[in-house]
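J.: Protein chains in written order, with the numbering used here: chain A, 1 to 370; chain B, 1 to 370; chain C, 1 to 370.
Just so you know, not all the hints are guaranteed correct.
A pair holds if it fits inside one copy or across any two, identical chains being indistinguishable in the list.
Claimed, not checked - Keeping only pairs whose Cα atoms sit at most 30 Å apart, straight-line, the calculated DSS-like set for lysine-lysine is:
#1 LYS60 with LYS351
#2 LYS60 with LYS94
#3 LYS60 with LYS355
#4 LYS299 with LYS351
#5 LYS94 with LYS355
#6 LYS60 with LYS334
#7 LYS316 with LYS330
#8 LYS299 with LYS94
#9 LYS330 with LYS299
#10 LYS334 with LYS94
#11 LYS316 with LYS355
#12 LYS336 with LYS351
#13 LYS351 with LYS334
#14 LYS355 with LYS299
These are computed hints drawn from the structure, not numbers from a lab.
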Amino acid sequence: MAAGPILTLHEIASTVGAQLPQGVDPAIGVSGAATLDQAMSSHISFYEDPRYLRALRATKAGVVLVPSSFEESLSPVVLRVANPAVAFETIFEKFMPAPAHPARGIHPTALVHDTAEIHPTACIRAYAVIEAGVRVGANTTVDVHAFVGRDSQLGDGCWIHPHAVLREGTLAGARVVIHSNAVIGSDGFGFRFSAGAHHRLPHRGYVQLDDDVEVGACTTIDRGRFGRTWIQAGTKIDNLVQIAHNVVIGCHCLIISQTGISGSARLGNYVTLAGQVGVVGHVEVGDRVVVSAKGGVSKDAPAGHQLMGTYGIPAKDARELVAHYRRLPKTVAKIKMLEQELQDLRTLVEKLAAKTPDSLDQGTESDSQR
Amino acid sequence: MAAGPILTLHEIASTVGAQLPQGVDPAIGVSGAATLDQAMSSHISFYEDPRYLRALRATKAGVVLVPSSFEESLSPVVLRVANPAVAFETIFEKFMPAPAHPARGIHPTALVHDTAEIHPTACIRAYAVIEAGVRVGANTTVDVHAFVGRDSQLGDGCWIHPHAVLREGTLAGARVVIHSNAVIGSDGFGFRFSAGAHHRLPHRGYVQLDDDVEVGACTTIDRGRFGRTWIQAGTKIDNLVQIAHNVVIGCHCLIISQTGISGSARLGNYVTLAGQVGVVGHVEVGDRVVVSAKGGVSKDAPAGHQLMGTYGIPAKDARELVAHYRRLPKTVAKIKMLEQELQDLRTLVEKLAAKTPDSLDQGTESDSQR
Amino acid sequence: MAAGPILTLHEIASTVGAQLPQGVDPAIGVSGAATLDQAMSSHISFYEDPRYLRALRATKAGVVLVPSSFEESLSPVVLRVANPAVAFETIFEKFMPAPAHPARGIHPTALVHDTAEIHPTACIRAYAVIEAGVRVGANTTVDVHAFVGRDSQLGDGCWIHPHAVLREGTLAGARVVIHSNAVIGSDGFGFRFSAGAHHRLPHRGYVQLDDDVEVGACTTIDRGRFGRTWIQAGTKIDNLVQIAHNVVIGCHCLIISQTGISGSARLGNYVTLAGQVGVVGHVEVGDRVVVSAKGGVSKDAPAGHQLMGTYGIPAKDARELVAHYRRLPKTVAKIKMLEQELQDLRTLVEKLAAKTPDSLDQGTESDSQR
């Protein structure tokens, strides 16, 4: 990295609202911001999550931001703040300002159809292709090699990253972010079986992404068969997720990597699907449902439920089942022991019976009924 | 959406072969076709799947297509037909004709090697790159930004969607569809381990896709090591599927999203792998095998079998196992109860023995043998 | 395929160091190399893995390379060698030489920023886009449509395949291979929840790929939040893998298809994650850990452990648990039998007690205590 600015401890402390420890020279210069394990002695770092306590103790950073309540004494200069990660973000930004938004305007190699309406503050980068009837809002970037199909509409402040594909008719609200190699509006996986072969059902609907939706890299969202596949405001979708035709996802959901949602499933608001989850078609998943990693949802899930495991069992029950599962060898050993004890007791009883007049006959009779 | 055509009820009824209900004015105009939940009062919609009965009752559509056997009375005008979805498809098409096939010919920004043979009816769109020795058949579209590597052959009527990558030597039959960002012919994941490191095995084979194969968005199909990775006629592959080197998939299979098939596995015809299935390397999966979502196949699967679960157990057995699994807490409680009952019975027997001359000694002896 | 060279049996045998069987004419010509099932009578093939014995017996190949120890007599001419696959690779290469590296230089349609430094032996192909501050090493290929973002650094001998995306600041060592449609350096999935909505945390770190790393098609590697996401030397990553922000993967690991590794997880060296594995965030996975296909890792895994199943249980225990699981129906039947036997025995004891003076009262008393 090229040489950047130097900040003094005084500047840093006043920026984040921390007090310099007594005896520390406020003119000391700091040349960069880095994570605990990557920081060098002229760098500032931060500590917030107890999982990084070992990294904190081993860091070479010259200065660290720590929570107000942190007590341990450390060799770096310690600055106490309410929220170390946020404070660090502010300082990091000073050392390495966010990349400037690409320049406004249409790159000479971009192909924009005559009927497309591009806002003058939008940025259409090299080799992007924008088809007929498309509208691109203010301050929206269509990045290198991106493709925006016929009649798609992009609101203000969107960012379509390099190589993203928006097939025809995609509707995106404001501040929608589509990461690289995501595919929006591919044909749904629907076929009619006749005469021994699968025949494509036309998928003539579209995908609608409301304000503040984010779609991860290499994620695929299929268009509806007739109507829309609809991702509502504020929902964030991670990388490599599959969303099938006519799915509806409510507001402010988190759909984590490698999850798949089958056709016509409907999710409420504030749903979290942890990684590698599968949701079957046509189910309803209520508001605030949380499904653990690798979980499956195969029937309607009531609002607020926490589900775990392939069969989408309530998390509390699922944990109990797993505990029973892991004790199976002990359970089976216990059964064997009971069997032996029962056998021993039967032997004892039979001996007893032999000494009790008339009883042996009855024992035999009982045996023969089994 | 722009203003489109208006169809009269008379035109619609005669197109789909339905009778207008008595008393309905055949001149009433319909302005669009939409799903039950999206339709407005001037629209036609359709109902077929009982899961949508609630949506039917709540729809604002002015007209609905329903199955002949449907009896319930509804506020929209009802048209009874044998197959509502197919009838709707026909009407939908009138309101929103399928997008015209892109114009024939080679876009000026497409790069086509001198030695490539492009049929005059083919369409090579903007920024597509076609390398040496490629053949493109009649009415085939190579869409925006697509890449077709050296010596690949595309039959008639194929559609290679925007940003699809066909590496060198790919063979595609007629009517093959490759969706956006799919990668055909990447190098297989094969390495030789020596001197503490993995060294790439050259993968010099190719991928062959027979007639009517469809490959989903962001799906990857690796080339064979020496020979081919082979997808036979009519097989449909969904999004985000991984197919490793030298896999052979028979005809008319359905491979659903996020499934992975390891190297040299062989599938028969009419196999269905539901979503997120994993198939290990070198196994044979017989004709008409069905594997449920999230299932695993780790050994040969005989024709016609239905498999479930990570261990690929026959579905009937798997369902029984899951039922037992979910009853584990009850089973364990039952074992505890038996243990207590056995203890109670032993206490009773010991009391009995105490009253029977000589028997206590023998009970003790029995104990000591345990 | 076009007509290629003809090799004589004499040439082949001497190339691979095999002896021609007695009575075979060394001047016989061989016209190609193919797998057992694809070979024709004028071709050479090879056999090494016993799983292909049936294919060997059925092959139409005229010549086969087999292991030295192979005894069975076959109709093709048999050449015995120490390592048939390696020998076959050598012969295959003579029939079908590896594709020539693309020509050096920058294609006229490639867009290379003025401040980028491209080694004169590098190859920048059609429509590739290389941004400001990028460095491309000797003999490195940036293939068709690839995107290399601002300030990225590529070492010598790398191959960035068609349509790969390297976002800004990516560091790649020597001989790094990135397959098509992979995305390196997308923003990590990190948000701060406030006022009922998720707000993006800036991800301002980068991805570092050390020497000899290979990244599969459609694989996504997110940039670190502040520091790096780091893949160390010699690690090979398959297709459709997700690697989240700030993950560290050691040297010479194999990460197989559709695996997902969550944020800040750390893997040691020589780790193998078989297909569709999930690793949760912030865990440490020790050297040489092996996780079976579909396995989950939810806590730290000590070096050398073999883990299986969703809960990442040591493989030996996991196999025992699966065996118990599959015997659950028998276990439950056994419990029912014990229950019946206990009932029978109790009946017998009660009869016995009835014949023993005073004992029935005590039995009743025992009952009432339960």
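J.: At most 30 Å between CA atoms: does that hold for LYS60 and LYS355 within a copy, between copies, both, or neither?
T.: Neither, since 85 Å and 82 Å both go past 30 Å.
J.: Could you figure out if LYS330 and LYS299 sit no more than 30 Å apart (CA to CA) within one copy, between two copies, both or neither?
T.: between (33 Å within a copy, 24 Å between copies)
J.: Classify it for me, LYS94 with LYS355: is the Cα-Cα distance of at most 30 Å met within a copy, between copies, both or neither?
T.: neither (96 Å within a copy, 93 Å between copies)
J.: Within a copy, between copies, both or neither: which one fits LYS355 and LYS299 at a CA-CA cutoff of 30 Å?
T.: neither (62 Å within a copy, 59 Å between copies)
J.: Under a CA distance limit of 30 Å, which applies to LYS316 and LYS330: within one copy, between copies, both, or neither?
T.: Both: 22 Å inside a chain and 16 Å across chains, each within 30 Å.
J.: Can you give me the call for LYS351 and LYS334, within, between, both or neither, at a CA distance of at most 30 Å?
T.: Answer is both; intra-copy 26 Å and inter-copy 25 Å each pass.
J.: As a check of your reading, is LYS334 near LYS94 (CA-CA no more than 30 Å) within one copy, between copies, both or neither?
T.: neither (65 Å within a copy, 66 Å between copies)
J.: At most 30 Å between alpha carbons: which applies to LYS60 and LYS351, within, between, both or neither?
T.: So LYS60 and LYS351 fail the 30 Å test inside a copy (80 Å) and across (76 Å) alike.
J.: Are the CA atoms of LYS299 and LYS94 at most 30 Å apart within a copy, between copies, both, or neither?
T.: Neither: 50 Å inside a chain and 36 Å across chains, both beyond 30 Å.
J.: Please sort LYS336 with LYS351 into within, between, both or neither, judging by C-alpha distance up to 30 Å.
T.: both (23 Å within a copy, 26 Å between copies)
J.: Using 30 Å as the alpha-carbon threshold, which applies to LYS60 and LYS334: within, between, both, or neither?
T.: Neither. Shortest intra-copy (55 Å) and inter-copy (59 Å) distances fail the 30 Å Cα cut-off.
J.: Taking 30 Å as the upper bound on the Cα-Cα distance, should LYS299 and LYS351 be classified as within, between, both, or neither?
T.: Classified as neither; 57 Å inside a copy, 53 Å across copies.
Against the hints set out earlier in the document, violations occur for numbers 1, 3, 4, 5, 6, 8, 10, 11 and 14.
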